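Trainee: Here is what each chain is made of, one letter per residue.
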Amino acid sequence: MSEWVMAGLVVWPLIWGALTLILPSRWVLFAGALGALGTLALGVWVVSLPPQIMTLGNWPTPLGLSWRLDGISQSLIGLTAVVGGLISVYAGVDKSCPSVFWGLWLGAWGAMNALFLTADVFHFYVTLELLTVSAVAMVALTPSAAATRAAFRYLVVSLTGSMFFLLGVALLYGRYGVLDMAILSEQMTMDWVSALALAVMTIGLLAKTAVFPLHSWLPQAHSEALTAVSAILSALVIKTAFYGLMRLWLDVFATLATVSASMVLGILASAAIFWGGYQALTTSRLKRLVAWSTVAQVGGLLLALALVVQAQATHSVQTASLWQGLVWLIGAHALAKSAWFLAAGTVQKRAGSDYLTQIGFAMQHSPISVFAMTLAVVSLSGLPFTMGFIGKWWLLSLAWELQAWLWMLVSLLGSLLTLAYGWRLLNLSLMSRVWPQPLNPVSVSKDWVALGLALLAVIGGFGSHWFWEGI
Amino acid sequence: MSVWIYSLCALGLVLIGLYGLVRSHHGLQQLLSINVMGSGVFMLLLALAARHAPADAVPQALVLTGIVVAISALALGLALLRRLASYDEDPSHE
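Note that the protein sequences, when read in sequence, are chains G and S.
Number 295 in this note's numbering belongs to position 295 of the first sequence; there are no gaps in the numbering.
If you want this note's numbering, it's the 1-based position in the second sequence plus 1000.
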């Protein structure tokens, strides 16, 4: 039974995604909704399954591929299902979403599920490429030269990243003769081929995660895309490459992941936090601000990874809750960022402008969206009673235990920066003197979807014990 | 011995592709540079496959899959470039 659920996670969205491309246009929304609903149900179902390893077609592991279902992949598939499901609702009520969107989005969803399930480094590369192609095509849905240029840039950076990753896969196969992550992890020894493989695979994934200094494609691609697409890219697609980094550093290459190697990650992360924060503080456009904040928060995630690598290398803290903390941070960011992007897109549509100086009136007439943005900013900066707070607390206590005072300071400054640029945006809704302007009619259900995601980021803060203790 | 020659050539190809990618500003050149990099990686895999007496089938299968993936990505890149070119010819679309 559980094999069918796991297979369905990949096959179901792909089938319905393909159908939306050939069905007559009046059926597209129905087929897309059915595909999204089924994938959502399967994604939530898979969380309750016992951890297991599934060999595809019963081919034994060295030659065949295997799928691995463990705590990390279960949580991330479940998270993708919940966030993806709500974004699908938003896309469903969004009149500017072309029908091609559904095929691409369901394809991307299936690719993400396959990516979280796979236990094989080459298969990981294939799913990563599959996701890249659909994500780039989704950016190009916006009919403008700027969006097409952003999509092309995204494609070039992403393909280069994939080539680096594939080079690492080739080196690993040449050195060890296997591609299965678990076997690689057992056989891993410290030598120059393995170190080179780790370096090139990390560079490739850093480019795809948009870590400073390989981030420059992100603000363009994420802000030019349609609103639903922006949310999908920032909340979910970015996380897949970060998940790859987690698997590589904590599992496959755990032998090579030393404290000094974690320093490199920490330095890149700090640079991303400050540069992304600075850009978000100075940009003049709404969606750019949200996109730059993603650059900063990706830095925050990488900082957490660096701390976990350090903890694992020194064996100084009990390792049980390490991956839970990372997954929790990913979840907190995915919920808050998707809420923020959807709310920002609704305000932007209402105002008919993306410039911060021209959206004040629309902000004041979108109370639900402004509330959603506020909750998102509160969670992202790690203030109490949100998922972000628990993630931040975990991160700071880990840094305390490791006596990593510098990283602690960076993390706290990152929170302050988030509050600063968040306030810069929210302040617009409080100004007493704004120019009244005609507003475009936008369905209020869009505001509610954004608020739903933001509320989940708060409710998650209250219902957290099952996650930290249950798995 | 010959494995080393092929492997080094493959790494050389990857570096040439990377150099081309960094230096070029035109989209078509960037796509071609990525393809040169890809050829380098595929060559490395094939060189590694040839180490055994009947050649190892797994890397060859990987290269086949890799080529399929690379072609689809290249096709998407070319389609985007064509659309960009149509915008440049006819700015009224924007």
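For the record, the hints were derived by calculation from the structure and aren't laboratory data.
Be aware that a few hints might be false.
Said to hold, decoys possible - Okay, the calculated beta carbon distance ranges per label pair:
| id | chain 1 | residue 1 | chain 2 | residue 2 | range |
| --- | --- | --- | --- | --- | --- |
| 1 | G | 61 | S | 1071 | 24 to 30 Å |
| 2 | G | 462 | S | 1016 | 54 to 60 Å |
| 3 | G | 427 | S | 1029 | 43 to 49 Å |
| 4 | S | 1004 | G | 27 | 19 to 25 Å |
| 5 | S | 1053 | G | 58 | 26 to 32 Å |
| 6 | S | 1004 | G | 61 | 28 to 34 Å |
| 7 | G | 282 | S | 1065 | 31 to 37 Å |
| 8 | G | 26 | S | 1029 | 39 to 45 Å |
| 9 | G | 11 | S | 1075 | 54 to 60 Å |
| 10 | S | 1006 | G | 190 | 23 to 29 Å |
| 11 | G | 405 | S | 1006 | 48 to 54 Å |
| 12 | S | 1075 | G | 26 | 50 to 56 Å |
From a predicted model like this one, the values you see are computed outputs, not experimental measurements.
From the three backbone atoms N, C-alpha and C, an ideal C-beta is built for every residue, glycine too.
Trainee: Compare the structure with each hint and give your call.
Mentor: For each hint, the structure was consulted:
no., hint, in the structure
1, G:61 with S:1071: 24 to 30 Å, "holds (29 Å)"
2, G:462 with S:1016: 54 to 60 Å, "holds (56 Å)"
3, G:427 with S:1029: 43 to 49 Å, "holds (45 Å)"
4, S:1004 with G:27: 19 to 25 Å, "violated (58 Å)"
5, S:1053 with G:58: 26 to 32 Å, "holds (28 Å)"
6, S:1004 with G:61: 28 to 34 Å, "holds (30 Å)"
7, G:282 with S:1065: 31 to 37 Å, "violated (44 Å)"
8, G:26 with S:1029: 39 to 45 Å, "holds (44 Å)"
9, G:11 with S:1075: 54 to 60 Å, "violated (24 Å)"
10, S:1006 with G:190: 23 to 29 Å, "holds (26 Å)"
11, G:405 with S:1006: 48 to 54 Å, "holds (50 Å)"
12, S:1075 with G:26: 50 to 56 Å, "violated (30 Å)"
The earlier numbered hints that this structure contradicts are 4, 7, 9 and 12.
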